[in-house]
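Chemist: Residue strings, one per chain:
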Amino acid sequence: MNIIIAAAAGGLSQTLHDTAETFGWNPWLFLSQVTSFVIVALLLRRFAYKPILAVLEERRRKIEEGQLNAEKIKKELAEAEKRYQEILAKANTDAQRMIDEARESAAHLSERKQQEAIAAAEQIIAKAREASAIEHERTMESLKRELGRLVVETTAKVTEKVLTPEDQRRLQEEAARQLA
Amino acid sequence: MRNRCFLLALVMLFCGCALATTALAAEAASGQGRHEPAVSLKPIPLVQIGKFAVTNSMLLIWIVAAGIIAFAQIATLNIKPIPSGIQNFWEWMVEGLYNFLEAIIGRELVRKTFWFFATIFIFILFVNWFGLIPGVGTIGWGHYDPNTGVFHIDRPLLRGGNADLNMTTAMAAIFFVLWLVWAIQAQGVGGFLKHLFAPKGETTGVLRVLMAVIFFMVGWLEVVSILFRPISLSFRLFGNIYAGESILEAMSTMVPLWLAWLPPIPFYFMEILVGVVQALVFMLLTAVFTMLIAQHDHGPDQAPV
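For the record, the sequence lines run as chains V and P. Residue numbering for the first sequence follows the working numbering, starting at 224 and increasing by one per position. Residue numbering for the second sequence follows the working numbering, starting at 91 and increasing by one per position.
Bear in mind the hints are in silico, worked out from the structure with no lab data behind them. Where hints are given, some of them may not hold.
Some chain P residues near chain V, calculated using beta-carbon distances under 10 Å [said to hold, decoys possible]:
| no. | residue |
| --- | --- |
| 1 | L131 |
| 2 | A143 |
| 3 | T145 |
| 4 | A155 |
| 5 | F161 |
| 6 | A162 |
| 7 | Q163 |
| 8 | T166 |
| 9 | P171 |
| 10 | Y188 |
| 11 | T209 |
| 12 | N256 |
| 13 | T258 |
| 14 | A263 |
| 15 | I264 |
| 16 | F325 |
Only a predicted model underlies this, so the values are computations on that prediction, with no experimental measurement involved. The C-beta atom is built at its ideal place from N, Cα and C for all residues, glycine as well.
Next comes chain P alone, as it looks inside the complex (with noise of 0.2 Å):
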C-alpha cells in the first residue's frame, strides 16, 4: 500500500513537471505566431490506400518498433543462462519493467497486461527519444524562399510519433478497449457497474438509500472521469512533446543562422527527460487505472484524470 501511495506521488510529481515543461514550451511556441506555428500541427499523408494514409509519423513509428524488435532479437539470438551484453541490457530493461509494474498492479494482472503496459513505456520513451535526433522534422521535401534565403521544409520526411494527436488518441482508444475488456474479465459485468454506482460501506435504513442515490449519481461523475480519460491520456503526451519540438525549432530560430546549434542543446536534455517522464507518466496512468478496476477491494479510488 505504502508503494502505491509512493507511486501516485511520483506521478503527479511527474504530472507537474511535464505541466510546467508544456507551459514554457506553449509560451515560447506562442512568440512564432498563433495561425502558423513553427512546427506544423498536423501529421502529412506520405502513402495514400484508400482513405487509409501512411503519415511521416507512421514512419517514425515502424523504424523505431524495427529497431526496438531487431535489438530484442539479437539481444535474444543467443540465450546463455547467465546473461551478458545485450542480453543482460535487454533482461534488465524487462524484467525491471516487470517487477516495476508487478508492484503496482500485482501478480496476475501483469501476468496478461505486460505485454501492453511494456509497449507503451518501452514504445513511446524511444519514439520521444527518435523524435530528438537532428533530420526529423528538417529532412523531406520543401520549397526556398528568395525573401529570407531559407529552405523551408513543407512536407518532412519523418515526424515525432507522438507530436501526432491522431498516434496519440489511437494509443489511449486502444487501451480504453483494452482497459474495458480487462475491467470485465476481472469484474463481470454485473460486478464493473456495481463498482460504478453502488454503495460502498456499511449503511442501513435511511441512510443506506441516500447514500445509494449519492452513489449513483457519484457514478456518472466516474463515467464522465473515465470518458475523458482517454482526452486526457492523448493530449497530455501530445502536448509535451509537440511543445518540445516546437520549443528547440523556437530555440534554433531565435538566434543568427551560424549559431543556430547553440541554443537548443539545453533543451535537449531537458526533451529526453521529458520522453522518459512522458512515458512513465502514460505508462503509470493506464497501469493505475487499470488496478483500480481490476481489483476487488470497495476501498475508494480517487483516479487522477
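Bound conformation, chain V alone (with noise of 0.2 Å):
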C-alpha cells in the first residue's frame, strides 16, 4: 500500500529506487551475482554433470545396443530354427525318398536274385539229373557187362562146354536186351 502511495506521489522510478534500496538491490552487485552464477554454471555443467551425463548416456547407448542385439539374435534365432525346420523336413523328405528307392531297388533286385536262384536251381537240377542220367547209363553198361559176362560163365559151367566167341557175344547180347 506504501508502495502505491509512494509511486502515485514521487512517480515509478522513485518508487523503484526505493524498493531496490531497501532490498539491498543494485546493478553493479546484480552485475557480480550474473558473473558469478554464469560461471559456477558453466563450471557445474564442465565437471559436475558432463562426467555423469557421459556414463549415463554411454550406459544408455549400451543397453540400447544391447537390446537391438537381442532382437537381433532373436530373428536369428527365428530363422535358424526356421532353416532348421527346412533342412530337417528336407532331409525327412529326402531320407523318404531314400528307403522307398530301397524298398523299390531290394525289390528288384530280390525278384532278380530269385529269378537267378530258380535258374541255378534248375540248371543244377538238370546238371543232377544228367549226371544221374550217365551214371545211370554207366551203371547200366557195367550191368549189362558183368551180367552177360555171368551168363556166358554160367552158360559155359551148365553146358560144360567152351563157347566160342560168337556165342559168347550172342549170349552177351541176349542177356543186354532181356536187361533193357
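With the hints as a guide, dock the two chains, each given alone in a separate frame, to form the complex.
Modeler: Below, the structure written as C-alpha cells:
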C-alpha cells in the first residue's frame, strides 16, 4: 500500500529506486551475481554434470545396443529355427525318398536274385539229372557187361562146353536185351 | 499430458505451501521492528573489484559450487559400469532429475537445457541448505553492545545465497535470456511472435478478424506476464529464504539466551523442506515456461506467473 502511495507521489522510478535500496539491490551487485552465476553454472556443467551424463549416455547406448542385439539374435534364432525346420523337412523327404528307392531297389534285387536262384537251381537239377542219367547209363553198361559175363560163365558151366566168342557175344547181347 | 497436469498441480501445491510459509515468517519478522529487521536485507560486499563486488552471499555460493564440483569429481573419479557408493548417489540424483525433466519438457529439449535446470535445482537446494548451517550469518565482524551485553554481527562472513535479491534476480534474468534464446531457436523469430500474437483455432470471416484483434491484445497481456516472470521468480525465492532466516532469528531471540537453541529446532525442519520446495518450484516453473514456448502445438498456454 505504501509502495502504491509512494508511486503516486514520487513517480515510478523513485519507487523502484526505493524498493531496490530497501532490498539491497543495485546494478553492480546484480551484474556481479550474474557473472558469478554464469561462471558457476558453466563450471558445474563442465565438471559436475558432463562426466556423469557421459556415463549415463554410454549406459543408455549400451542398453539400446543390447536390446537391438537381443532383437537381432531373436530374429536370427527364429530364422535359424525356420532354416532348421526346412532342413529337417528336406532331410525327411530325402530320407523317405531314399527309403522308397531302397525298398524298390531291394524288391528288384530280390526278384532278380530269386530268378537267378531259380535258374541256378534248375540248372543244378538239370545237371544232376544229366549226371544221374550218365551214371545210370554207366551202371547199366557195367551191369550189362557183368551180366553178360555171368551169363556166359553160367552157360559155359551149365553146358560144360567152351563157348565160342560168337556165342559169348550172342549170349551177352541176349542178356543185355533181356535187361533193357 | 496427464503427467504434465499432475506436475502443474504439484507446482501449485508447492507454491501455496511456500506462500503460507512466507506469510508466517513475515508476520514473525514484523515483530522485530519495521525499520530494522532482525536479518539485514542487504548483502555485505567483502571485496571490491572496481565497481564489481564479492559479497558474503557470493562467497557462500562459491563455497557451495566448489563443494558440488568436488563431490561430482570424486563421484566420477573411478567410474565403474555397476555404480556403488557416491557414484551411485550422484548418478541417482542426476539421472532422476534428467528423467523427471524429460517427462515435463521432452527428450529433445532436455538434452539442450538440462545443464541449466539441473544447476538451478541442485544449486538452489544446496545453497538453501548450506544457509541453515549454524555460523552462516552469525560469524563475521561486529560490535559489542554494553546495554544488552550481546555481541552484534554487522558484517557476517557468509550470507544465505538466496536471501540476496541480487542473486535471485541474476538467476531469473539469466533464465529469461536463455528462455528467449531457446524460444527463438525452437520457433524462429516469426514463430515466436506468432505464438504470442497470432489467433489460435479455426475461424473464418468476421469472427476471424475479431479473434485476430482479441488475440493481438491478449498477446500484449502475455508479454507483460512474461516480463513479470523474472520478478515473480526472484522475489518468490528471495522472500521464502529471507523469511526462513528471519523466522529462525526471531525464534532464537524470543527466549532467554541460554534457551535460544530450542525454539528454532522445529523451524529448521521446516526450512529444510522449504529449501527443497523452493528449489523444485523455481526449476519446475522455469522448465514449464520453456516447455510452453518451445512446444509446437497451439494449445492454450495459461502459465502461472
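Chemist: Each hint should be assessed against the structure and marked as holding or not.
Modeler: Cross-check of the supplied hints:
At about 5 Å, the closest approach between the beta carbon of L131 (chain P) and any beta carbon in chain V falls short of 10 Å, and the interface hint on this residue holds. Contact between A143 (chain P) and chain V, as hinted, is supported at the beta carbon level, the nearest pair being about 5 Å apart and thus within 10 Å. Hint status for T145 (chain P): holds, given a least beta-carbon distance of 6 Å to chain V, under 10 Å. For A155 (chain P), the interface hint holds, since its Cβ comes within 10 Å of a Cβ in chain V; the closest pair sits about 4 Å apart.
At a threshold of 10 Å, the smallest CB-CB gap from F161 (chain P) to chain V is about 8 Å, leaving the interface hint in force. The criterion of a C-beta within 10 Å of any C-beta in chain V is met by A162 (chain P), whose closest approach is roughly 4 Å, and the hint holds. For Q163 (chain P), the interface hint holds, the least distance from its beta-carbon to any beta-carbon of chain V being 6 Å, beneath 10 Å. Evaluation of the T166 (chain P) hint against chain V yields a held restraint, the C-beta minimum of about 4 Å falling below 10 Å.
Hint on P171 (chain P) holds. Least Cβ distance to chain V is approximately 8 Å, under the 10 Å limit. Here the hint on Y188 (chain P) is kept, as its CB sits about 7 Å from the closest CB of chain V, short of 10 Å. For T209 (chain P), the suggested interface contact is upheld, since its CB lies about 5 Å from the closest CB of chain V, less than 10 Å. At about 4 Å, the closest approach between the beta carbon of N256 (chain P) and any beta carbon in chain V falls short of 10 Å, and the interface hint on this residue holds.
The restraint placing T258 (chain P) at the interface with chain V holds, with a minimum CB-CB distance near 9 Å, inside the 10 Å limit. Evaluation of the A263 (chain P) hint against chain V yields a held restraint, the C-beta minimum of about 6 Å falling below 10 Å. The beta carbon of I264 (chain P) is positioned within 10 Å of a beta carbon in chain V (closest approach about 6 Å), and the interface hint is therefore held. A hinted interface residue such as F325 (chain P) counts as satisfied when its beta carbon comes closer than 10 Å to some beta carbon of chain V; here the least separation is about 9 Å, so the hint holds.
Going through the hint list in order, the structure satisfies each hint without exception.
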